[in-house]
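Student: Read off the chains here:
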Amino acid sequence: MLTREQNERLVRTDRGTEMGTLLRRYWIPALLAEELPEPDCPPVRVKLLGERLIAFRDTEGRVGLLDELCSHRTASLFFGRNEEGGLRCAYHGWKYDVAGNCVDMPSEPPESRMCEKIKQPAYPCVERGGVIWTYMGPAELKPELPDLEWAGLPASRVFVSKRRQMTNFMQAMEGGIDSSHVSFAHRFNMDDDPMHAGTAGLAYLKADTRPKFEVVESDGGLLIGARRNAEDEQYYWRITQWIMPWYTIIPPFGTHNPLGAHAWVPIDDETCWAWSINYHPTRDLTEAELTAMRNGEGIHAKYIPGTYDTLANASNDYLIDRQAQKDKKSFSGVEGIAAQDFSLQESMGAIVDRTKERLGTSDAAIILARRRLLAAAETAAKGDPVPGDQGAHHRVRSASVLVPKSVPFQEGAADALVVRDGEDFVSI
Amino acid sequence: MLTREQNERLVRTDRGTEMGTLLRRYWIPALLAEELPEPDCPPVRVKLLGERLIAFRDTEGRVGLLDELCSHRTASLFFGRNEEGGLRCAYHGWKYDVAGNCVDMPSEPPESRMCEKIKQPAYPCVERGGVIWTYMGPAELKPELPDLEWAGLPASRVFVSKRRQMTNFMQAMEGGIDSSHVSFAHRFNMDDDPMHAGTAGLAYLKADTRPKFEVVESDGGLLIGARRNAEDEQYYWRITQWIMPWYTIIPPFGTHNPLGAHAWVPIDDETCWAWSINYHPTRDLTEAELTAMRNGEGIHAKYIPGTYDTLANASNDYLIDRQAQKDKKSFSGVEGIAAQDFSLQESMGAIVDRTKERLGTSDAAIILARRRLLAAAETAAKGDPVPGDQGAHHRVRSASVLVPKSVPFQEGAADALVVRDGEDFVSI
Amino acid sequence: MLTREQNERLVRTDRGTEMGTLLRRYWIPALLAEELPEPDCPPVRVKLLGERLIAFRDTEGRVGLLDELCSHRTASLFFGRNEEGGLRCAYHGWKYDVAGNCVDMPSEPPESRMCEKIKQPAYPCVERGGVIWTYMGPAELKPELPDLEWAGLPASRVFVSKRRQMTNFMQAMEGGIDSSHVSFAHRFNMDDDPMHAGTAGLAYLKADTRPKFEVVESDGGLLIGARRNAEDEQYYWRITQWIMPWYTIIPPFGTHNPLGAHAWVPIDDETCWAWSINYHPTRDLTEAELTAMRNGEGIHAKYIPGTYDTLANASNDYLIDRQAQKDKKSFSGVEGIAAQDFSLQESMGAIVDRTKERLGTSDAAIILARRRLLAAAETAAKGDPVPGDQGAHHRVRSASVLVPKSVPFQEGAADALVVRDGEDFVSI
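Chains as they are written, first to last, in full-length UniProt numbering: chain A, 1 to 428; chain B, 1 to 428; chain C, 1 to 428.
None of these hints come from the bench; they were simulated from the model. Hints may be right or wrong, so weigh each one.
Said to hold, decoys possible - Reference listing, derived: stretches of chain C covered by chain B, where coverage requires no fewer than 3 residues with Cβ under 8 Å from a Cβ of chain B:
id, region
1, 67-74
2, 90-100
3, 103-114
Nothing here was measured: the structure is a model prediction, and the numbers come from that model. We treat Cβ as the ideally placed atom computed from N, Cα and C, and that holds for glycine.
Generate the whole structure from the sequences, applying the supplied hints.
Tutor: Have a look at this one:
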C-alpha cells in the first residue's frame, strides 16, 4: 500500500516530474526498427513519457526523433516530406535534419538568417536488436548504450514485438515482476505454451503452487527468487532479473527453448508500450517459433490489423470465453498469456489506486521495486549515477536452477546470472 | 427553479453525499434476477450510486454483491472464477464468499493468517419479483424488505424490464411524476397502446387536455391527483402514487389491463436505470401482452441486442421520423412511450440545470417531490427513520376514479389507494 | 508569438469573453438557407460562439433562431413541432414564434397569464447569398446588413458550402490570410485546380516562390499584398482582403475564373465553420463549375454523406497517400486544397499554443490581424463602433495586378480593390 503522494511520484513521467527525470536518464526503447523500413520512408508519430515526437529515417538511413510540432507555426511534421537529408514541414516548407537543425527556410527571403536560429528539439537515437532507442535526458549525463543480451544478438536469434497497453507503465511492469500470478492467471496455459514444453521445471511448478519468494537487490535492479520444493536437499529456484528502470527477463524453461524478456515504457501516464522479446543466445529461432510469435502466441499478442493495439481489449471484454473458463482451458476466460495479463491490469483502471491494495508476502518484489525506483528518483534529482544505467547492469541473465537448501540462491546461482557470450544460459 | 446548490444536493448520490446517504437507507433494485440465471454462472458488473460492484450467484444459489475490485491488488472480479461457493480473483486466486469473507488465499504460505483479516466490501441481497435488491446502508438501519405490490406477485403476473438512461435519476423520475406531459409527448400514442385500450377514462383524458393538479403528501411519498371534468357533479381523477425515494405507479386504464410502475435508480450521477414493470394482481399476463412487453412496447423499450441500452439513442437522434411527426403519428417524431420520454429527458443534458427552468402549476408534483427528498436527506443525515422505508408505505395503489366534486380526491378514493391482496384495483 | 494570456483573449468566444463580445457585434453566417428548405420544415440544431441554438422556418417562411432548450423544463426544441406559426416543445407543448414570444402554453390553466411572461431567447435572422445570418449582440448596436459582394449576387452566380473544422476559428482564419503556405502546402495542386487554369499570374507564382509581403490596414481589416517579380519595372501583386472579423477574399486568377472567399466562424472554442464561397460578379457559374464545387473540389471539401463533416479527418489520418506525396502529386500527401489546409491546422491541436510559435516575415498578416482583433475587442468592450461593421467595409475586392515598382501596391491597385456593381474585377 502506498500513500496517494507516493503513488503520484511513482506513476507521473512527464518532463519535470521526479519519475520523468529518472526515466530520462536511460536509453528508451522508442519504436521498432521495422517501423522506419528504409531511407526517406514516411515519418512515424511516437509518444514517449508524455512527449509527442516524430521519427524519420533520412536519405542516408540515419534516424531522427524530433518534436512532432514544427517550430514555426506548430503544424505536425507527420505531414512532412522526408527527402534529401531532412524532414520538411508541409505547411511552409521549413526543413530539419536528424539533429533538429533547420537546414532550409524557403518561406523567408533569401537574405534571412532566421534559419540559423531555429533548432527543432531532437533526441539522439541508436538502433540495436531491432529496436530504435532514444535518450531524452541531459546530454552530459547520457549513459552507456543499452546492452541487454537480446539487444546484441544477431537478428536471426531475436524476435521483438510491442503492444499498446491502456495503463500506466508501473502496473504493467508490476505484473512482469510478480511471479506469483503465473500459478493462477496462467495456470491452464502452462502446458500448451510451446516455450515451456517438456521441461523438468514445469513439474516442480505444478507440484508446488505456493512458492516462497526471496528478493535481493542487484547492482542494476532486483533478483527475484521463487523457491519451490525439489528432490533431496535441494530447492528449485526460478530467478527473475529486474533491471532498472523497466526491464524484466523471464526465467528459462530448459535451454532448448528461447528466453523471454520485456520492457514497459510510458507512452503517457495512462498508456504504455509493453515490449516483448524472445531470443536464444546460441541458436537461430526456428520458423515454427517465429510463426507462433508473429501470430501473437506466448508472451506476444494478437493485433487489430494495421496497429499495435490488441485485438482483445476493454471494448470487447477481452473476448472473454466463459465456457473456456468453466472448462479450465483459461483461468480467467481470456485467451493468451499477454491478454490474461493486460486484461487484469487494465481492469484496475488506467492508474491503479495503490492506497487501496493489501499486499502479501508474494508481493515482496513489487514492494522493493517501487522502493528502488522512488529512491533512484531522488538520486536522479541530484544528477548522480542511477542503477541500471551501466552496461554491466544489463549483461545479466535469469535462471532456473536447483540449489542445495543450505545455500542462498544468489550464491548458488551466481554463475548462471551473468551473460557469457556464446555460451548457453542455465536452466534445468 | 432551484439554486445551484439545491440542485447539487438533489442529484449527487456518491457515498458521502447527502442524497447518497438518503438513498442508501432503502432497498435498491440492483439487477434482474435473470442476469444471474443459475448457480456458478458468470459474474455481472453492476454500478449503483457511483459504486462499481460485481454480482454473482454462488454454488448454492445465493447472490453476492461485492466491490468490483479485489482487495489484494485491485484487479476486477469480473474475470473471477465463480466456483465452489465463492468468487475467486483471476489474478492471484483470492476467493470470496457472498458475504465478502476471504475464504482462500492460495498465493500466501499455508501458515499465513492474512486471509482472516481480509473482508471484501459486500452488500446483502434479496430476490423479489424477478429483481435482485440490495441494501447499501448501515446495517443497524436496514429497513423492512421491499414490499411493493408487484414485487410480491407470482412470476406469471409480472413483467419487469430495465433500460439504461443517460441522465441523472432525478430528471428521469421527474418525468415519471409529471402527469402533464402525457397529453403532449404521448398524445398520438394513447389509442395504440394495448394497455389503454377501450377504457372510459381515455375519453375523459382526450376531452380535457388541461387537467388541474392536486398533490398531497402520503406517508411514504406523494399522491398526485390529475382532475378532469366528467359527467354530472363528478370529476375524473387519475391518481399517481410516488413512493420515496424512486418508485411511481401509473394510474390504471380499466381493471382488465395490467398496471404499470417504474423505479428510477442512479447508476452514477449521469446515468440511471429506468425500471419498468407491468403487473396484474388477480390474473396472469397473457402471451400477447408478454410478447408486446418483450418487444419493447408500452412503457418498455427496444434494446441494442445483447445490452440494456436503448436502440433509439442520442447517437441516432432517437430514430426521429419527421414524417410521422408531421402526420400526427408521434408528437415528437420519436416512436414509443419510453423513447419519447428519455429522448426529451436526455436532451436536457446529463444533469438538468434547474436554475434555468420556469415551473408552472402543472409542475406541482415535481416541486413537492424535490422538497420531500431534500427534507428526507436532512432526516437521513441524523439517522432518523425516513419516509418510504416501511412496508406499509409500499403497499399502495394508484387509481382512476370518479369522485363527487365536493369531495377531496384522497378521501373519495381512499379505499382505492391501498393494496388489498387478491382483490382487484379500482379503475373506471 | 503571443503570451498565454493574449492567446486566451484571442480564442475564447463564449458570451462574456472579450472576443465573444466583439464577434457579437457582427452579423454571423449561421447556417445554409438550404438547411431550412421550406415553411414548417424540421428544426435544425445550430451552435455558434458556444451557444446551443435551434433554427426553424415558420409557416410564413420566416426564420427563427432560439435558444435550443425550452424555457419551461429545458427539453430540446429539436424535438419540437414546427407548425402554425411557431415551434412547439414536444414535452409540454409550450410554443414560440420566431421572435421567441411564447404564443401558447397548453399545460397551464386557461386563465393563466404565465405565457405572457415567458420569452425564449431569440436572435434576429436575415437571408442573403444562400446564407442565413444572425446577430447575437445588443439590439442598440446592430450593424448594417452584411454586404459582401457574393452575398448580394443572384443565386446563379454564387456557390456556398460549409464544413466543420476541428479547431478554433482563429487558426483556421490564420490559414486563410497566410498567402505564404500556398507555395508549399498546395504547390502541386496549382495546375489541376480548374479555378486557376491558364492564367498569366500562375506563371509568376511558380517562378518566384519567395514573395515579399506587405500588409496595410484597410478601413475594415487588412490589405495583404504578396509581391513577386514580373517583367520590366513591374511587380506582380496578389492582394488579399481580410475583412473583420472573419472574412477573406482570395486574389483572382484571371477574370474568366470565379472568385473565392471564406468566412471562419466559431462553433465553440474548439470547432468552427469554414465557409467557402465561389462567385462571379458578371456571369452565371457553369454546370461544370458547379459539379466540381458540389463534388468538394477547389476550396470546397468532400463530406461524410449526410453531414457537413469532412470525409478526410483525424480518425483516418486525412486519407494521406504517401505515394502521392513521394510522386509530387500532393505536397503533404493529403488530397484537395481544403483538406491540405485543415489537416495541418487540426494537427496543431484544437487551440494552437501560440506561445510556442516562431514567426517570420511571411507571417506579417497574421501578426497584424491578431493585433487588430485584440484592439477591436477593447473597442467593443466600450460599446464603440468596430472595424468591419459597415457596408462599405464589405464592398471590397481582392485583386491580382501588375504595378510599377515605384508605386505602392495599395495606390497602384486602388481601383481594383472596391466593388463596382456589374463590372468585372481586375486580374491579369
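Student: Each hint: holds or not?
Tutor: Hints versus structure:
no. : hint    : verdict
1   : 67-74   : holds (count 5)
2   : 90-100  : holds (count 4)
3   : 103-114 : holds (count 8)
No hint from the list above goes unmet by this structure.
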